[in-house]
Amino acid sequence: MDTSLILEYCSTFQLDCDAVLQLFIETLLHNTNAGQGQGDASMDSAKRRHPKLLAKALEMVPLLTSTKDLVISLSGILHKLDPYDYEMIEVVLKVIERADEKIT
1 MDTSLILEYC STFQLDCDAV LQLFIETLLH NTNAGQGQGD ASMDSAKRRH
51 PKLLAKALEM VPLLTSTKDL VISLSGILHK LDPYDYEMIE VVLKVIERAD
101 EKIT
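Residue numbers (our numbering): 1 to 104.
Treat the hints loosely; a few may be bogus.
Claimed, not checked - Each computed DSS-like pair below joins lysine-lysine, with the alpha-carbon atoms no more than 27 Å apart:
| id | residue 1 | residue 2 |
| --- | --- | --- |
| 1 | K94 | K56 |
| 2 | K80 | K68 |
| 3 | K52 | K102 |
| 4 | K68 | K94 |
| 5 | K102 | K80 |
| 6 | K52 | K94 |
| 7 | K52 | K68 |
| 8 | K52 | K80 |
To be clear, the hints were calculated from the coordinates, so they are not data collected in a lab.
Please model the complete structure; the sequences and the hints are all you need to start from.
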């Protein structure tokens, strides 16, 4: 999904852009983990997806005016991830790190 499309939608319907972008980032990172199946084929496709997820999430973080709620929410998502999916954990941690930089 194109970020400009999300921002245009928020503007058109007078929605809180921060809340919408945060929800999109959370959904992007959380649902990807839940949708993984068993087997080598699904693991390979998931590993190829992780860089795309990271790039998309990192692209959206600077658009947020406040990242405090995002950091709190992603910290909760971090505890729900598969503890053996190191790549996804790394993606979430990098997004938290980028968002936390904006706070301090």
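Against the earlier hints, flag every one the structure doesn't satisfy and list their numbers going up.
Violated hints: none at all, because every hint is consistent with the structure.
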